[in-house]
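Asks: Spelled out, the chains give:
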Amino acid sequence: MIIACPFCGPRDLSEFTYCGDADNLAARPDPAATDQAAWNAYVYDRTNPAGEHAEIWQHSGGCRKFLRVVRSTVTHEIESAEMVGPKA
Amino acid sequence: MTSHRRPEGGSAIDRDDTVGFTVDGRQYFGLAGDTLAAALLANGVRVMGRSFKYHRPRGVVAIGVDEPNALFTVTTDGVREPNVRATEIEVFDGLAVESQNRWPSLDNDLMAVNQLGGKALAAGFYYKTFMGPVIGPLKGTRFWMMCEHVIRRAAGLGRPGTARDESRYERINAFCDLLVVGGGLAGLHTALEASEAGKRVIVCELEPRWGGGADGKKESEIRQIVDSLESKPDVTLLNRTTVWGWYDGNTLAATERITDHLRTAPEGAPRHRHWVIRTGHVALATGALERPIVFPGNDRPGVMLADAGHRYAETFGVLPGQHLTVLTNNDSAYQAAAALRHVGANIRAIIDVRPEIGAGAQRLADRAGGALKLGHAVVGTSGAKGLKTISVARYNHQTKSFSGGSEQIETDCLLVSGGWSPVVHLASQAGAQPIWDEALQAFLPPDPDKHWSVHGAAAGDLDFGHDLSPAPAPVFEIRHPGKAFVDFQHDVTADDVRLAHQEGFRSVEHLKRYTTLGMATDQGKTSNIAGLAIMADALKMPIPEVGTTRFRPPYTAASLGAIAAERYGDLFPHRLTPMHDWHTDHGARMYAAGHWERPESYNRTGETVEQAYVCEAKIVRQGVGLVDVSTLGKIDIAGPDAAEFLNRVYTNGFAKLPVNKARYGLMLREDGFAMDDGTTWRLAKNRFLMTTTTANAGKVMSHLELCLDVHWPDLRVHVTSVTDQWAGAAIAGPKSREVLASCVTGTAVDNDALPFMGIVHGTISGVPVMICRLSFSGELAYEVYCGAHHGTHVWEALMTAGKPFAIAPYGLEALGTLRIEKGHVTAAEIDGRTTARDLHLDWMLSSKKPFVGSAMMDREGLTDKSRWTLVGVVSRSGEKLHGGAHVVAGDRDEPGASLGHLTAMAFSPEMNAYVGLALIEDGESRIGQHLYAADPVRSQTHIPIEIVSHHMVDPKGERMHG
Amino acid sequence: MAEPFISTPVITDAAESPLVGHYEQGTFGNLDRGAQVTLTERFPLAICDVFAWTGSETKSANAIKRATKLALTKTRDAVSEDAQAFRHAPGRWTVIAIDPALPETLTTAVGDNATVVDLSHGRTVLRIDGGQSRRVLSKLFPIDFKSDCFPLEKGIATKHHEIFAQIQRVGDDAFDIIVFRSYARAFWHALRRSSEEVGYAVE
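Protein chains in written order, with this note's numbering: chain G, 1 to 88; chain V, 1 to 962; chain C, 1 to 203.
A portion of the hints provided could be inaccurate.
As the list claims (entries may be wrong) - Once the Cα atoms are required to be at most 20 Å apart in a straight line, the calculated PhoX-like pairs of lysine-lysine come out as:
#1 C/Lys69 to C/Lys59
#2 V/Lys656 to V/Lys849
#3 C/Lys159 to V/Lys699
#4 C/Lys154 to C/Lys69
#5 C/Lys146 to V/Lys199
#6 V/Lys656 to V/Lys848
#7 C/Lys159 to C/Lys146
#8 V/Lys450 to V/Lys199
#9 V/Lys232 to C/Lys146
Said to hold, decoys possible - Derived CB-CB ranges, DEER-like:
#10 V/Phe29 to C/Arg33: 32 to 40 Å
#11 V/Glu166 to C/Arg33: 23 to 31 Å
#12 G/His76 to V/Pro850: 33 to 41 Å
Said to hold, decoys possible - Short derived list, chain C residues pointing at chain G, Cβ under 10 Å:
#13 Trp53
#14 Arg87
#15 His88
#16 Ala89
#17 Pro142
#18 Ile143
#19 Ala157
#20 Thr158
#21 Lys159
#22 Glu162
#23 Phe164
Hints are computed from structural coordinates only; laboratory data are not their basis.
Ideal placement from N, C-alpha and C gives every residue a C-beta, glycine not left out.
Could you put together the complete structure from these sequences and hints?
Replies: Laid out in structure tokens, this is it:
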């Protein structure tokens, strides 16, 4: 598999580390909140779709930035890869 | 012995270069350029293998990658490589091979009595026979397990060796616009066109020679294209290279065989090279494979694919037999017959299942000579160790009926053609579902997409010329009494397929698994279509509705050595600390901790590891010792929000940590479980140095980066891994301060200048150092950090300064002993299943701020009193404990349920006993209890233990604070 | 936020290369066509990571340019006789120089625009030069080394096995590989092994 890192260019899968569901990671509950249901959903609930899935991958063997990768879990085709975090 | 070599012809061979090779120790001679199969045929050898189950003698059927029968074990310097196709072994002077699956010899195989059992070994035989009774000593699979080793010896293929493979393997990455798979004419033309358009092209051909199955007359055209491609800088031509896997993102895997065909390898050349090719587009020019027809006695040596017979003559100048016959359902075999006649073979008869043939075939039949028997079929064969006669009967392929008696024809080679199957394997791997073509009676690749295209015979473009039609009659089997083999390599007969159907297997996937059809090393290259056709016939369904199985990598066996190239042995990616050579020079036994090599203990003459570490631990408790801690993860944390950031990732507070002070910190995961611990040093207002455990350095770094980029992009914090920048040495023991005082300049190290958890900057032997007073051993101790290039210099200076105090280096084992005595946790206890409370670290859980894990750590299940918690364990019998042993309440006879397990053990010189740490159910309330450490499988010990507090030595910490 | 005391310049008399005892000069491997690549360890060097704060990327690039005299811009990597720099992540550079004072010079030059981390002890720089350098590197990294994909002076971050590494093209056929100090010896042996097929010289 090849992921096109917006900074480094297309790179081999071996350089990347999967970090989880992008929409889920973006929905981290307020750290001060102890709403168990919300935290439980954040930590454990995943949609596991057959088809388009937004994922966070770290380019750990590259720029070390985090990418939001939209990938089909059926065809493994990657639709897009965008950088997350403070923009440079 | 008759020589089957013709005086002329043979495009691959060099008639002036005779080479000697041995089969089972017997000497043979061949010509340079021969494959083993060709050389053996030239020597008149017909039996080249014994079948898997029945040990039937088998001859070579094919000429290439699809060969199911002629398998040998290549032996090189004691290393055995089993199941190599004789059609792919290139002979050279000194080649040594062994035949397989025979006893005592290939010609006289006593195991052939297996075939007397005939019926008994039909499909499912093993399942049915060896599933024992429901009760009793042989119940269930036990009977099978008893019989298995006998059966495994009787049925099987080659035997691998146990000698270490000293061959070198290599991996290489390649990038191109176009990868052409197959170096036949179609592939070469596609490559040429692309290269002329300026594209970067790689062409892979699995054979040694270019041209694939092209007619000998095309030789100069092929040479011309290859020359032209070779002259282009952006073209890579790889022969002896099999593309065997197609993965996501147009990444393809190939194995290049570099030295297998050479007597001596050039300096530095690997045996195999694993290519990982990333390409914009894939052009499949993989050709087509001729398939056999299934008929009784079709596995007798001498029965061969027609095209193979033709090409043995053309490529190697070898005639497959003297008196040839042909069985076909299509026109292509006529070409083979005519060509073989042309080079001197005697064609006895051409048997065609079709009642009539076209003008092109008729013309070739006339040229070939011999009887032309249209509307006939072969219904049997005879000959003990090779074909002598065939039985031929009148046959109506539409009604599948025979008429009249059968006629015997003497022949030593029957050339068979059952039509052609395009090689769709790679396209199928890429996810494309092959489509059945009624005219060609074959599966074709589906319509190409933007990533790939298909060319030549692989696309079903079968051009035999001479007004010949590529369409065969739909005959896959001539059904007549007698054993008719579908899968030669796994000895699956047509009746086995029907039996499977009769027993209820309907899906082709189930059929495959039940009969093992197509599951041998050849992956059914010659048998899949026939098996499918027979299944379809039994199901009374058309072939496309039965479907075909999806092909998976590899197309042919790929050597594991090449895939694992340079990741083992002397090229294992070890990481070494700056003081590595000092350790090994001073007798350290090194221990691999992940990628890192660390000293386990220092071997003074004749000591065991245990004697060494006990001695080292004593020295630390009573005097002073030095240990290399350079492998600890170190992260530079900088920025105005650094303290706030640490407050969020650690469970305890860091905002108020003064400059030049360190603090022990604990991190949790989001789910509330413990993740890692370590100390973090405040070096300046906005600058911290975090340390992590060796094992978790990478994980913690990624966690911090994720928090900063994904969760808190507003925080102004930079994190940088500095693990390798610093060499670290921990000096520990009651005399450690005195040693430092004698060698550190530029700073005082007394209790006022350097209190517990204090940090000072100074120099040792002219080199700047940072010293932090912290303790893992529980003794008065300091960690001395310096630039890694200065590591050995400072280490040696500390050893010299420590000499008057009898300083000694200590390793991981002693470090482990010291920390076990103190009840300090490591990755063995922070194992992903434990919480801060389980480890008695709840004092570190701040209630004044949220932190990663704070919202989840108080969940019901994580505060349950019955959770496994950390305790100390002391052996009551003086026996050595074993890490991983279960803690149980009962004796050996009635141990009862596991209450938990030992996470670590050591001999404690301080307590003069074997001690350990354990995680056990409701640990707190069990302190003082007498239980057992049960290790029933490995050491078979059942040791009485006492549960104690995890703080076994100096529970108040007076030593390290002193 | 300049805190130069975190830097520890390499003191030649006290320093030891990670390749000590493993750096044998001479020619090795298949020398039928001579040594087609040359391998060298560049030691000692000053090596820094410069990490710009968001919004200060241009200022940081200019500061590196001032401190090193390199023809660097926010997006263009650069190599000179005595220094080199490349951007390995957005707003983040690896800067290498012969001058041991680099960490301090850079820290002063970037001021509050970036974080400078001294990695002079933590990284080892190996150079491969010669007509077959791309082939050798292809055995080690899943990176396209073709000239137009990997232009002169460009630097990148990648991995060897599971271990982080950086590469900068410093000449027509010359590349500097920057690996963790702890990994230098293992990588050196892998590099030598990969070069044997084409013959190599160690200088």
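Asks: Of all the hints numbered above, which does this structure not satisfy? Sort the numbers upward.
Replies: Violated: none.
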